[in-house]
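Visitor: Protein chains in written order, with the working numbering: chain A, 1 to 39; chain B, 1 to 564.
Worth flagging that the hints you see were computed from the coordinates, not collected in a lab. Since the model is a prediction, treat every value here as computed from it, not as a measurement. Misleading hints may appear alongside valid ones.
[Claimed, not checked] A few chain B residues that don't get close to chain A, going by computed Cβ distances all over 10 angstroms:
| no. | residue |
| --- | --- |
| 1 | 323 |
| 2 | 337 |
| 3 | 350 |
[Stated by the list, open to error] Here are the in silico distance ranges between beta carbons for each label pair:
| no. | chain 1 | residue 1 | chain 2 | residue 2 | range |
| --- | --- | --- | --- | --- | --- |
| 4 | A | 19 | B | 284 | 44 to 52 angstroms |
| 5 | B | 466 | A | 7 | 50 to 58 angstroms |
| 6 | A | 21 | B | 351 | 22 to 30 angstroms |
| 7 | B | 93 | A | 19 | 46 to 54 angstroms |
| 8 | B | 93 | A | 33 | 24 to 32 angstroms |
| 9 | A | 21 | B | 205 | 43 to 51 angstroms |
| 10 | A | 15 | B | 25 | 35 to 43 angstroms |
| 11 | A | 8 | B | 37 | 42 to 50 angstroms |
| 12 | B | 7 | A | 6 | 52 to 60 angstroms |
| 13 | B | 190 | A | 6 | 44 to 52 angstroms |
| 14 | B | 346 | A | 33 | 39 to 47 angstroms |
| 15 | A | 21 | B | 284 | 17 to 25 angstroms |
The C-beta atom is built at its ideal place from N, Cα and C for all residues, glycine as well.
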Amino acid sequence: MSARDDNADADSWRKAYGLALSLFAVEVVLLYLFTLRFS
Amino acid sequence: MNRLDYLVLIATILAIPLYGLWRTRGRASLGQYLKGDSSIRWATIGLSVLATQAGPITFLSMPGQAYESGIGFIQNYFGQPLALIVVCAVFVPIYQRLKVYTAYQYLGERFDRKTQLLGAFLFLIQRGIAAGITIYAPAIVLSALLGWRLNLTIWLAGGLVIVYTVIGGTKIVSITQRYQMIVILVGMAIAFAIAVYRLSPDLSFGNTLSVAGKMGKLEAVNFSVDPHKRYTFWSGLIGGFFLALSYFGADQSQVQRYLAGGSVKESRLGLLFNAAVKVPMQFFILLLGAMVFMFYQFEQPPVYFNQPAYQRALESSHGPQLTELQTQFDEVFAQKRAVIRALSTASSSERDAVTNKVRTLDAEARALRDQTKAVLVQAGVDPKSKESDYVFITFILQQMPHGIVGLLIAVILCATMSAMAATLNALGSTTAIDFYRPLIRPNASDHHYVVAAQALTAAWGLIAIGVASFASLVENLLEAGNILGSIFYGSILGLFLTAFFIRRATGSAVFFAALFAQMLVFVLFATTNIGYLWYNLIGCAAVLIFAPILQQTLFRSAEASAEV
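So that you can see chain A by itself, here it is in the shape it has in the complex (with noise of 0.2 angstroms):
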């Protein structure tokens, strides 16, 4: 593997842990939002 294949593979990577985190805000988020509503 290449060392432009090994960027892009960490690139890649980095985008999955961004993605896995910002779904992880929206989760808190919501549950916030739910605990306002019904509490």
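Starting from the known structure of chain A, fit chain B onto it as the hints suggest.
Guide: Below, chain B without anything else, positioned relative to chain A:
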């Protein structure tokens, strides 16, 4: 339970291991036995990781936890997605590059043999006891409610797991967990749908949620900074992060699951799948508990959910006292039901007063249940597990249609088997690779180590059954598992983080730092009342602080000679 339930139950719990045995037939090399093979894809890894963590306690205790205290427990999982990302980025590439069988082999390569053995030893103690709780937890509840003999339940469930785990190793654990987790998810979705369907027609679903919220059951997020509060956003995010980082990064029962695919990509995708689904899954399980709570606001619940214990006390000299409490409970229940109905139609000006009335009546009902428990203790039938653990299973047995009851009991047993299989697989592998191979038979054949791992897996299975058979009082099954983990995980994680990030640290410094950190956590656990999730942070931070101090003082010469 009728014949249909038993048919569904037996077919479900036997079919999956039999299929697993068929898929893993033939002789395996040491690598295949301990790490599976490259045919295992990310979806199987993801479900396998999910099943290993869930366990029976999640499905038995968690709805009961929400019934008693609301859904705030969800916050304990807030640190997990972050921890899984760190595990994907830091731990997975190192383990896959070094091609280790166990996480503790990495400690041996980075530091020395004694640090490897310390990490493995802390894991074995913690997981050995936890394996006992894993099997005892459902056995005590199922045996009490279904009239099964406790030891027979423990031996049947445990025996089946031992047999297929010993024969098939990591591959069979991954394959069976995949299908067990599918059964679990389908079963819980059906339970949720039926619980919602069985809610009172007097209230819409939205109104039901509003009333549950007003009764304090739907506070999912609490930003309090009080360290004595068990479930807050901060303790879940920070303490939960360290707990999850240690659990997924340094607990062999999980490491073995995601190393099964053999490639960094499959391991990472399986873990990221968990990062995405864990919080929503736990939310729905807790919400199911809140729905069961609302169901029992209109349908009279038993004053005490552990009915076998209650019936024994009723037949004793304390019977009249319990009958009196039951009468008072019936009256409070009837009043509360009427007020909740009024709450749904109350005008906004009346709502606060009616809400306060509901809360007062709910507190009265709770006090009557506490008094009932006190009478049970006086009568000498003190139950061996927390009453809330009986809530969901009682709901299943009394309110679900036949066939579904069998499926949901199978869900609990599938969860038991999948968690126990992963644990035994990891305990056997760690003992074989970290202790047996280097200390007892260093240069034997691959096949010899496969047989050794099989024998050690069986031995750990028998130990787990022994712990389960002699366990008597576990206050709360869900809490017990998490508390036990939190006591040990901080130090174990500290070992790994020191290895990754403190380059100058040598084996002796980190070894003694971990011992001191573990003692510190023991002392704090015995003498203070801080939320248990914080022990993960304290234990880990203590290793990270002690290790450089010891390195710069007592073990300075070791560092110098290591550099030479």
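Visitor: Each hint: holds or not?
Guide: The hints, checked one at a time:
For residue 323 (chain B), the condition that its CB be more than 10 angstroms from all CB atoms of chain A holds, with the nearest at approximately 37 angstroms. Consistency note on residue 337 (chain B): stated as away from chain A, and its beta-carbon is indeed over 10 angstroms from all of that chain's, at 20 angstroms minimum. The beta carbon of residue 350 (chain B) sits about 19 angstroms from the closest Cβ of chain A, which is more than 10 angstroms, so the claim that it is off the interface holds. Separated by about 22 angstroms at the C-beta atoms, residue 19 (chain A) and residue 284 (chain B) break the suggested range of 44 to 52 angstroms.
Taking the beta carbon of each, residue 466 (chain B) and residue 7 (chain A) are about 53 angstroms apart, inside 50 to 58 angstroms as hinted. In this structure the supplied range 22 to 30 angstroms is violated for residue 21 (chain A) paired with residue 351 (chain B), their Cβ-Cβ distance being about 39 angstroms. As the Cβ distance of residue 93 (chain B) to residue 19 (chain A) is approximately 19 angstroms, the hint placing it in 46 to 54 angstroms is violated. Separation of residue 93 (chain B) from residue 33 (chain A) is about 37 angstroms and departs from the stated range, judged on CB atoms against 24 to 32 angstroms.
Judged by the Cβ atoms, the range 43 to 51 angstroms given for residue 21 (chain A) and residue 205 (chain B) is violated: they are separated by roughly 32 angstroms. A hinted range of 35 to 43 angstroms holds for the C-beta pair residue 15 (chain A) and residue 25 (chain B), which are about 41 angstroms apart. Hint check: residue 8 (chain A) to residue 37 (chain B), Cβ distance near 28 angstroms, so the stated range 42 to 50 angstroms is violated. A beta carbon spacing of about 55 angstroms between residue 7 (chain B) and residue 6 (chain A) agrees with the range 52 to 60 angstroms that was offered as a hint.
Distance hint check: the CB atoms of residue 190 (chain B) and residue 6 (chain A) are about 46 angstroms apart, consistent with the given range 44 to 52 angstroms. Our hint of 39 to 47 angstroms for residue 346 (chain B) and residue 33 (chain A) is violated, since their Cβ atoms are close to 24 angstroms apart. Checked against the hint of 17 to 25 angstroms, the pair residue 21 (chain A) and residue 284 (chain B) passes, with Cβ atoms roughly 22 angstroms apart.
Checked against the numbered hints above, the structure violates hints 4, 6, 7, 8, 9, 11 and 14; every other hint is satisfied.
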